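Fit chain B to the known structure of chain A by using the hints.
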Amino acid sequence: MSTPVNLKELARESPKLLPGHRHCAGCTVPIVVKLVLAGVKEPTVVVTATGCLQVATTIFPYTSWYIPWIHNAFENAAATASGIEAAFKALKKRGVINDDNVNIIVFGGDGGTYDIGFQSLSGAIERGHNFLYILYDNEAYMNTGIQRSGGTPFGAWTTTSPTGNVIPGKPQHKKPIADIVVAHRAPYVATATPAHWLDLMMKVRKALSIRGPKFIHVLTPCPRGWRFDPSLSIEVCRLAVDTCYFPLWEFEKGVWRLTDRSLAIAKNPNLKKPIEEFLKIQERFRHALTKDTYIVKELQEYVDSVWSDLLRRVGTTS
Amino acid sequence: MRVVGEVRALNGDEAVAYAVRQCNVDVISAYPITPQTIIVERLSEYVANGEIHTEYVNVESEHSALSTCIGAAAAGARAFTATSSQGLALMWELLYVASGLRLPIVMAVVNRALSAPINIHCDHSDSIGTRDSGWIQFYVENSQEAYDTVIQAFKIAEHPDVQLPVMINLDGFYLSHTLENVRVLPDDVVSGFVGFRKPVKVWVPYLGREVPAVLDGYTPISLGIIALSDYYYEFKMMVIKAMEKAREVIKEVNKEFSELSGRAYGDGFLTHYGVDDAEAVLIVMGSAAGTVRYVARELRRKGLRVGVIRLRTFRPFPYEELTKLLKDVKAVGVMDRATSPGAYGAPLFNEVRTALYDCECRPVIVNYVYGIGGRDLSPHTVKELYSDLLEIAKGKKPSSIVRYVGVRS
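These protein sequence lines are chains A and B, in that order.
Numbering-wise (the working numbering), the first sequence opens with residue 9 and increments by one.
Numbering-wise (the working numbering), the second sequence opens with residue 5 and increments by one.
If we strip away everything but chain A, and leave its shape as in the complex, we get (with noise of 0.2 angstroms):
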């Protein structure tokens, strides 16, 4: 069983991820970090791929990281963790370790998840090592400077999908990664976003008391690659959950449970706001708004069929 969230005893905590490090203002991947890592306890081993988290976090001769980490390459976090469980099992064998329990958490953004790093995913998850993969997706290759990845959402702006005459935007879909790694039968899975903080830890907490892979896909919005300000960051998460754009649930043993806002949306669908909400706060969809007005229609067809969808496996219709 998880234990339950206490927040007088998290404010004692000293963080794990040390203030200090490089990442853009507004951005909501160190508050995901400091969200997941807190309460956790020893022993535990962060990995992380490639990507901003990481280089945001350890320009030599510093560190932000209070808590060990390692970071191997761009697509093989999850091999990486495979290793370090294997190790873990293999000292604890021969006696040189007691603890029967490590908690490996790995850090990935959607390139290194959806993308160059999603055969290693897979087979990691086929093998079902203990440890649980955070996704924070900031919907495209940010690090490098706003490339499309497959988590980038239609129709959205990025500089490998710009905004053409003839081609405006992504002209794909996001990869519904959470359902493939449902599909591997992994013993837990959720969606999450720093706005639904409790919500987050909760899940958090959930997964580590389970073996097997797990796995978070925290949506992670980015002021420099989605066009909007800083001060924003919370209130884009809010209505990605709110138009049901990036529904909450969790899938644990079989069963399909919506959390949090989106559990208030199935009970109320008046709550559900359009997509056009979630949008016109992001200069990334700009084009969408004003001339290819065809790309909102299209996107709110797409959130209403995955809600729906979502709907029928929870055991509810709106």
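Any given hint might turn out to be false.
Taking lysine-lysine and the DSS-like style, the derived pairs with C-alpha atoms no more than 30 angstroms apart in a straight line are [what the hints assert, rightly or not]:
no. : chain 1 : residue 1 : chain 2 : residue 2
1   : A       : Lys-214   : A       : Lys-261
2   : A       : Lys-288   : A       : Lys-275
3   : B       : Lys-306   : B       : Lys-249
4   : B       : Lys-306   : B       : Lys-205
5   : A       : Lys-275   : A       : Lys-299
6   : B       : Lys-398   : B       : Lys-387
7   : B       : Lys-240   : B       : Lys-306
8   : B       : Lys-205   : A       : Lys-49
9   : A       : Lys-101   : B       : Lys-401
10  : B       : Lys-202   : A       : Lys-100
11  : B       : Lys-328   : B       : Lys-255
12  : B       : Lys-255   : A       : Lys-49
13  : A       : Lys-305   : A       : Lys-281
14  : A       : Lys-101   : B       : Lys-398
15  : A       : Lys-183   : A       : Lys-305
16  : B       : Lys-249   : A       : Lys-42
17  : A       : Lys-49    : A       : Lys-183
18  : A       : Lys-100   : B       : Lys-398
19  : A       : Lys-183   : A       : Lys-16
20  : B       : Lys-306   : B       : Lys-255
21  : A       : Lys-42    : A       : Lys-16
What the hints contain is simulated information worked out from the structure, not anything from laboratory work.
Keep in mind the model is a prediction, meaning the values are calculated, not measured.
Chain B alone, transformed into the frame defined by chain A:
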């Protein structure tokens, strides 16, 4: 104390697996590829039968195999992997990560040509291509040496002065699939020789203390950081220095191992035959050395002054040892089992020529590229190379400095 050990009929792959079984390896992660497959099959059997405590991670690619070994070694485990050709190519970026993170991983590479066209037979293009990745490289001549070198490799890799990954190269099929008599040491003797991995300690300024340089789950250290123009170069220099220090360690371990087993491989870097009074010397790596030595013996019986040097290490490259040996030799033929399109000769040739540039003797050095994609090297061909070299030694101008041997024109 010398231990004789029993004789077993093992092919090269089995010899590698047998040694790994005895070396207290914590984590094995590998992906099957011809002709390495027998190694992973045997190791899987040892693990499945509970003969060893090792965790075997059956990954979905060679990229993940080395990534897993990096994670395991970073967490303090002794890690082993094995691959070949395309598999080694897929591991490429991680070869540099392993050496840059100073992780003493040991890998057997069963040498095989690279695609395209796809080919499963032996040449050294795969491993020679990785020469600058900061891995120590051994090229073994037979299954016995494959067995012995795996045992030595863990000791060399994990030496506090070295802390570098080691690659043991054995020729695909010639060694991997050929049964030989191999004298194996008892399990407890090997275990005693290699011990268990003891991670080195490092001083961490922000902790104000020395800590083991591994992810133990408690000590907050960061591995795999980003270092830019202000620090990256110093990290690379540390790898270069460690590789230099490995020279002494390779020598020491070769000696220690010979005291234990009675088997030494020259000074650890190279073995040679007939070089002392030779006019013409062939330099070769891998299993072809046997053929070359056989021909050299035959020719010497006829009174021809020929010799052979078999290089065991390519990294670190034994340039000083080579220079000493070749100081009175007039003609040197360097046999490369790899190509370098566009270069003036193949990689081993370039290394040898560079090593001898400052040597007063300045022998004529020619390049014989052979055995590409498993093309057979017959004693007859070696005889031709020696007669070519002997003529050069007598003053004949070489018809060309770089020759591709045994290929259709």
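Evaluation of the provided hints:
For a cut-off of 30 angstroms, the pair hint linking Lys-214(A) to Lys-261(A) stands: about 12 angstroms separates their Cα positions. Proximity of Lys-288(A) to Lys-275(A) is assessed by CA-CA distance (about 26 angstroms); at most 30 angstroms being required, the pair is judged to hold. Restraint check for Lys-306(B) and Lys-249(B): not satisfied, since their Cα atoms lie roughly 42 angstroms apart, outside the 30 angstroms limit. The straight-line distance between the Cα atoms of Lys-306(B) and Lys-205(B) is roughly 58 angstroms, outside the 30 angstroms bound, and the hint therefore fails.
For the hint pairing Lys-275(A) with Lys-299(A), the CA-to-CA distance comes to about 35 angstroms; that exceeds 30 angstroms, so the pair is violated. With a CA separation close to 17 angstroms, the supplied pair Lys-398(B) and Lys-387(B) stays within the 30 angstroms bound. For the hint linking Lys-240(B) to Lys-306(B), the alpha-carbon distance of about 51 angstroms lies beyond 30 angstroms, and the restraint is violated. Proximity of Lys-205(B) to Lys-49(A) is assessed by CA-CA distance (about 24 angstroms); at most 30 angstroms being required, the pair is judged to hold.
Taking the CA atoms of Lys-101(A) and Lys-401(B), the gap is about 65 angstroms. The hint is violated against a cut of 30 angstroms. Restraint check: the Cα-Cα separation between Lys-202(B) and Lys-100(A) comes to about 15 angstroms, which is no more than 30 angstroms; the hinted pair holds. With a C-alpha separation of about 16 angstroms, the suggested pairing of Lys-328(B) with Lys-255(B) holds against the 30 angstroms cut-off. The hinted pair formed by Lys-255(B) and Lys-49(A) fails the criterion: a straight-line CA distance of about 46 angstroms is larger than 30 angstroms.
Between Lys-305(A) and Lys-281(A) the CA atoms are separated by roughly 14 angstroms; this keeps the pair inside 30 angstroms, and the hint holds. At roughly 65 angstroms between alpha-carbon atoms, Lys-101(A) and Lys-398(B) are farther apart than 30 angstroms, so this suggested pair is violated. This hinted pair checks out: Lys-183(A) and Lys-305(A) have alpha carbons roughly 19 angstroms apart, not beyond 30 angstroms. Taking the CA atoms of Lys-249(B) and Lys-42(A), the gap is near 42 angstroms; set against the 30 angstroms cutoff, the hint is violated.
Note on Lys-49(A) and Lys-183(A): the hinted pairing is violated, with a Cα-Cα distance of about 33 angstroms set against a maximum of 30 angstroms. Restraint check for Lys-100(A) and Lys-398(B): not satisfied, since their Cα atoms lie roughly 66 angstroms apart, outside the 30 angstroms limit. For the hint pairing Lys-183(A) with Lys-16(A), the CA-to-CA distance comes to about 39 angstroms; that exceeds 30 angstroms, so the pair is violated. For the hint pairing Lys-306(B) with Lys-255(B), the CA-to-CA distance comes to about 35 angstroms; that exceeds 30 angstroms, so the pair is violated.
As the CA atoms of Lys-42(A) and Lys-16(A) are separated by approximately 16 angstroms, the hinted pair is consistent with the 30 angstroms bound.
Violated hints, listed in ascending order, are 3, 4, 5, 7, 9, 12, 14, 16, 17, 18, 19 and 20; each of the other numbered hints is respected by the structure.
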